[in-house]
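**Student:** Fit the two chains together into the complex; they arrive one by one in their own frames, and the hints show the way.
As you go down the protein sequences, you meet chains A and B in turn. Each residue of the first sequence is one higher than the one before, starting from 12 at the first, in the numbering used here. Each residue of the second sequence is one higher than the one before, starting from 15 at the first, in the numbering used here.
Think of the hints as simulated: they come from the structure by calculation, not from any bench. Hints are supplied without guarantee of correctness; some may be wrong.
[As the list claims (entries may be wrong)] Here are the simulated lysine-lysine pairs, PhoX-like style, with alpha carbons at most 25 Å apart:
#, chain 1, residue 1, chain 2, residue 2
1, A, Lys46, B, Lys280
2, A, Lys77, B, Lys381
3, B, Lys124, A, Lys15
4, A, Lys43, B, Lys280
5, A, Lys157, B, Lys381
6, A, Lys92, B, Lys381
[What the hints assert, rightly or not] If you want the footprint, here are the derived chain A segments under chain B, 3+ residues with CB under 8 Å:
#, stretch
7, 63-77
8, 81-92
9, 113-119
10, 152-166
Quick reminder that beta carbons are idealized off the backbone N, C-alpha and C, glycines included.
Now for the letters of each chain:
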Amino acid sequence: MELKELISQKLQTNFSEAEFEFSEYRNEFNIKFNKKFVNPICKFLKEDSELEFLLCEDITAVDWAKRTNRFTVVYHIFSIKHNFRLVLKSDVDEADCAIDSVSSVWKTSNWQERECYDMYGIKFNNHPDLRRIYMPEEFEYHPLRKDFPLMGIPGSLPLPKK
Amino acid sequence: MDRLTKDDVHPKILQKLLEDSDITIEDALENEMILNMGPQHPATHGVLRLLLRLDGETVIGCVPDVGYLHRGYEKMAENMSYYEYIPHTDRLDYISPLANNVAWVLAVEKLAGIEVPIRAQYIRMIIAELARVASHLVAIGSFAMDVGALTVFLWTLREREKIMDIWDILCGARFTNSYTRIGGVANDAQPEALALVKKFIEEIDSNLSECESLLNTNRIFIERLDGVGVISKEDALSYGYTGPNLRASGVEFDLRRATPYLQYDKVDFRIPVFTEGDCLARYFVRADEVRESAKIVKQVLQLMPQGEIKANLPKSVLPQKTEVYSKMEELIHDFMIVNFGINPPVGEVYHAIEGSKGELGFYIVSKGEGHPWKCKIRSPSFIHIQSLPHLVKGHMVSDVVAIIGSIDPIMGEADK
Numbered sequence: 012m013e014l015k016e017l018i019s020q021k022l023q024t025n026f027s028e029a030e031f032e033f034s035e036y037r038n039e040f041n042i043k044f045n046k047k048f049v050n051p052i053c054k055f056l057k058e059d060s061e062l063e064f065l066l067c068e069d070i071t072a073v074d075w076a077k078r079t080n081r082f083t084v085v086y087h088i089f090s091i092k093h094n095f096r097l098v099l100k101s102d103v104d105e106a107d108c109a110i111d112s113v114s115s116v117w118k119t120s121n122w123q124e125r126e127c128y129d130m131y132g133i134k135f136n137n138h139p140d141l142r143r144i145y146m147p148e149e150f151e152y153h154p155l156r157k158d159f160p161l162m163g164i165p166g167s168l169p170l171p172k173k
Numbered sequence: 015m016d017r018l019t020k021d022d023v024h025p026k027i028l029q030k031l032l033e034d035s036d037i038t039i040e041d042a043l044e045n046e047m048i049l050n051m052g053p054q055h056p057a058t059h060g061v062l063r064l065l066l067r068l069d070g071e072t073v074i075g076c077v078p079d080v081g082y083l084h085r086g087y088e089k090m091a092e093n094m095s096y097y098e099y100i101p102h103t104d105r106l107d108y109i110s111p112l113a114n115n116v117a118w119v120l121a122v123e124k125l126a127g128i129e130v131p132i133r134a135q136y137i138r139m140i141i142a143e144l145a146r147v148a149s150h151l152v153a154i155g156s157f158a159m160d161v162g163a164l165t166v167f168l169w170t171l172r173e174r175e176k177i178m179d180i181w182d183i184l185c186g187a188r189f190t191n192s193y194t195r196i197g198g199v200a201n202d203a204q205p206e207a208l209a210l211v212k213k214f215i216e217e218i219d220s221n222l223s224e225c226e227s228l229l230n231t232n233r234i235f236i237e238r239l240d241g242v243g244v245i246s247k248e249d250a251l252s253y254g255y256t257g258p259n260l261r262a263s264g265v266e267f268d269l270r271r272a273t274p275y276l277q278y279d280k281v282d283f284r285i286p287v288f289t290e291g292d293c294l295a296r297y298f299v300r301a302d303e304v305r306e307s308a309k310i311v312k313q314v315l316q317l318m319p320q321g322e323i324k325a326n327l328p329k330s331v332l333p334q335k336t337e338v339y340s341k342m343e344e345l346i347h348d349f350m351i352v353n354f355g356i357n358p359p360v361g362e363v364y365h366a367i368e369g370s371k372g373e374l375g376f377y378i379v380s381k382g383e384g385h386p387w388k389c390k391i392r393s394p395s396f397i398h399i400q401s402l403p404h405l406v407k408g409h410m411v412s413d414v415v416a417i418i419g420s421i422d423p424i425m426g427e428a429d430k
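Only chain B is shown next, with the shape it has when bound in the complex (with noise of 0.2 Å):
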């Protein structure tokens, strides 16, 4: 990187300088300066800690430092049951919780060979497309804030909020659902909420396209993500990117086409593809997601059958409250396995979905117990984090946050 020499500061600054006895013109303008930038600072989307090290106010060298959340999810799994875990897996991703909960119990499922009823895998993609557009509007919402555009924020968050009363009907809870169960569902989708879930995707077209013009006619918007963090396919690849972020540099790679889980083999979307690898390629492929997430939905709700919710395997599935008050069987295999969990096999398996952020995995190990012997979780945040130090060196201060807002991090999951 070039320095600075005295003919390129501006006469009047120069003059000021030369003024103040206590700094030398070299040291204003030649030393390296390291700036701190968070825990706590509004654009690092949580408590994510850069260390930058500035020559004027280009970056030349970039330090991340993750941790400050850890509260050792990977420990506490060890502990406790498979169902105990699911609320847990809430807190990992806590943008779109609910596509958590469906990987957490398609790993467990795979494990202990459970068939999962179809209206029931149906529910569970209505859900984790649900989860991936709200994830992706806050996403979208949020990286706008980050770059000054400050309504956007306000009307994505509006969808959002839909999306909220969604779940709200469905399972009781707006943020922290844990609304899936072993072998299916805690309770059948009602009525109201898919008749909800119908007028979200009907209209979310032409709101998203609403947010869209505040964005893609916005010269300031434009210009300042323009190739800006520029990652080649090759560098992505070797990064681990996987997701929305992979898809910005070339890489038409879907972990619902590639190994399709639930009933994604039976649906029809695209794969947004963009080949610049930009900040502003990021965008573009959030935004063509939503879309996408919206057919899928559409689709769904045409194909899902009526039927059962939850696996009959009384051993492993944890039977419906009214039944559990009304008779002695599933009174006995609720306290059974309350107490002393599901026993799957001796086995390891890892599984990963499609998540909102990229693939989301589980790696759990079982010696037969009703606890995992090990847990691993794959979160996509911690691994895109990684290669931060690559897309901000050479860039401003000011474009650090726009390319983190445009790989979009959560703590929750990067720190586990």
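So that you can see chain A by itself, here it is in the shape it has in the complex (with noise of 0.2 Å):
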């Protein structure tokens, strides 16, 4: 059997509830669910000994400015035993801006985490520890927001106290 059709067959019958959406553009593979799986799918992307992702090469979230979800996270996910790379994606609503953390499932996304943090402004549940990584701690903004101005916002960086 086809590698994408295992991995689908497999994720719809442990997860039946998580609407997969499946999609495949330039040869990779797009895996939409919802995000209340993301802990428990990721956990089993990565642990089950045919598909065995063990390496997360990368977190972060596109903004979608108008719409109505408007964040969407995308994961990357790599496994070396296929060397086959999966894209996992998961839509988070500006109205409940959070999402559950995977940095129990690979350590490498607590920083990822962080960066989308502070760049997007999504929280992620159970993350050990969830501060700004770029921007100093008392930046009030979200840089990569489509709703924050090229230029900065004059006055939201000041200079240290002396």
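**Tutor:** See the structure below:
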């Protein structure tokens, strides 16, 4: 059986309520699902002996500005066993701007989620250390949101007190 | 961690401590100290800041702090065309700028569905491999300097200087090259440049052995690194390690082999793997990779055909400057591409190459406009710095310097 079919079949039998949407673009296999299932799905993909997605390459988010579900959190994971990259996606709405952390699955997601929180303001539930990573602690905005201007906001980065 | 007791301290030091009426013996021996290392510190390779919790000279905790070089390149990418962004990729990993150029244009080409002529692909392989050699030479040299062997740094930089000379002829710039273009490269590789490349790869083996002979038989160097900063295979994968650092922990994973891009499936090379996972293994992997890269370049020089260096797609590939000045059609296309961009179709792609530090990836989301809707840089250094607390725990302060050098972070890339 082809790997893509195997993955979709396994996920659908194990997580029947996750509202999966499968798509493919430029040879990249995309799976979209309900954000409630992100932690168990990631854990399953990593620990299943036939799949072994041991490497979490990247976690980021996309701000769609005016869409109802404003953000999409995107995970790129890689299986060294099959030399196969998988893209996981989950929509997050601005009103409930939070998603479960996967830092218990891959240690690397700790900083990647911190970066995502810093840049987009998406909170990661159960994250061990959710602080800003690039911007100063007292900074009020999230720079990669589409409503943050390119030139910055004057006065938002005060000089350190003497 | 066991604390020092009175019996462990040298009697003369104990006497000195007792003479000082301001401190008590408990203060001096039992209190932990917080040491702020960086961001302005020569051994942190740029502006990395570490907060260390020390018990005597032993590190019992570490918190890395990044962001001192954050220039917002991901935000800037959303406001400029795909062509305009090429020079900015130079400033990410500024030790191997050409590899970043290649990574960016490959991602854009995947998004826009552009097929690149074979000769241009081979030229890209040469520059990507030479960038890896340059980066590893700096890594080995500065790593040796961090642990006290200063001469090696001068010798490896002498070799790197030769690569700079090649780049000078190839694209007119020594450091921030911006040589690749979407759909090809800026200009064809000149015979003089290729002759220099050939000369360089013939000499690099013996020249590198010369540098290695200063280190591999150096007892101080070996003993300072052997068994220091060990990371296991499982931890390395969980921390998202890629590149030389992962291969030093015993995982045979290389994107050139795993997901072949350009023409890497046509050349023969070995993936150096070491199983120890310590600082010394990471140094050995880099030295071996320099030789493997030279092997790849040698084969590419034989395989490289003559031919076009840019795809024939006037709506998305910039024409040569000479044609812009002499032909009307080319002038119009040049104007349209520079002013409105190449407008790739709606979609999103992630493309990663085996950069010199690890997996360098670009995730681009397009809405069909001239500039990306979103661009994410997956930089290996950022990921590797995250694991520092795990690596330095239980080691001495002086080992921290060696461990930073061994994972070879570049802050331009880590901070974006």
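**Student:** Against each hint, give a clear statement of whether it holds in the structure.
**Tutor:** Hint by hint, here is what the structure shows:
In summary, the hint linking A/Lys46 to B/Lys280 is not supported, as the alpha carbons are separated by about 42 Å, beyond the 25 Å threshold. The suggested pairing of A/Lys77 with B/Lys381 holds, with an alpha-carbon distance near 14 Å, which does not exceed 25 Å. The straight-line distance between the Cα atoms of B/Lys124 and A/Lys15 is roughly 21 Å, inside the 25 Å bound, and the hint therefore holds. Restraint check: the Cα-Cα separation between A/Lys43 and B/Lys280 comes to about 36 Å, which exceeds 25 Å; the hinted pair is violated.
Proposed proximity of A/Lys157 and B/Lys381 is supported: the alpha carbons are some 14 Å apart, at most 25 Å. With a C-alpha separation of about 34 Å, the suggested pair A/Lys92 and B/Lys381 falls outside the 25 Å cut-off, and the hint is violated. Against chain B, the stretch 63-77 of chain A contributes 8 residues with a C-beta closer than 8 Å to a partner C-beta. That satisfies the three-residue criterion, and the hint holds. Coverage of the stretch 81-92 of chain A by chain B holds. Counting CB-CB distances below 8 Å, 3 residues qualify, and the rule asks for three or more.
Only residues whose C-beta sits within less than 8 Å of a C-beta in chain B count toward coverage, and the stretch 113-119 of chain A has 3 of them, enough to reach three; the restraint holds. A stretch counts as covered by a chain when three or more of its residues have a beta carbon under 8 Å from one of that chain; for the stretch 152-166 of chain A and chain B the count is 4, and the coverage holds.
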